[in-house]
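A.B. asks: Sequence:
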Amino acid sequence: MIVRMWEARAEPYALAELITWVCESALPEFEHDPLHLSSEVFSSTDHRVVVISKWRSSPRPLPEPPVMLLARPPHSWDFTQVDR
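For the sequence shown, the numbering used here assigns the number 524 to the initial residue and increments by one for each residue that follows.
Simulated from the structure, these hints should not be mistaken for laboratory data.
For every residue, glycine included, the Cβ atom is placed at its ideal position computed from N, Cα and C.
Each statement offered as a hint is correct.
List of simulated lysine to aspartate or glutamate pairs, DMTMM-like, C-alpha gap at most 20 Å: (1) Lys577 / Glu530; (2) Lys577 / Glu552; (3) Lys577 / Glu554; (4) Lys577 / Asp601.
The calculated label-pair distances, taken between Cβ atoms and stated as ranges, are: (5) Glu534 / Val605: 30 to 40 Å; (6) Glu540 / Gln604: 32 to 42 Å; (7) Arg607 / Tyr536: 36 to 46 Å; (8) Met591 / Thr568: 15 to 25 Å; (9) Pro557 / Phe602: 15 to 25 Å; (10) Thr543 / Arg607: 32 to 42 Å; (11) Phe565 / Ile525: 11 to 21 Å; (12) Met528 / Pro557: 19 to 29 Å; (13) Pro535 / Arg579: 32 to 42 Å; (14) Thr603 / Ala539: 25 to 35 Å; (15) Thr603 / Pro535: 29 to 39 Å; (16) Tyr536 / Leu558: 33 to 43 Å; (17) Pro535 / Arg607: 37 to 47 Å.
Could you build all of it, start to finish, from the sequences and the hints given here?
C.D. replies: Quick look at the structure:
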């Protein structure tokens, strides 16, 4: 399993709009992909939105969000579970 963490910082006035875009536009693009297992969306008090998505393999990137909602471009990282 691969876990992708995607993070973007919204403009202060646009946090709710960025969350709406993630939930209603971005995630539906790959929720029916057979490699996609699940996704969770989080927000913070400093206007960040984080998506944690779990994949069997080959995670698909989120589409680019509307630029006017962003304080800076999004970043993403892939993680694999550590056996301990």
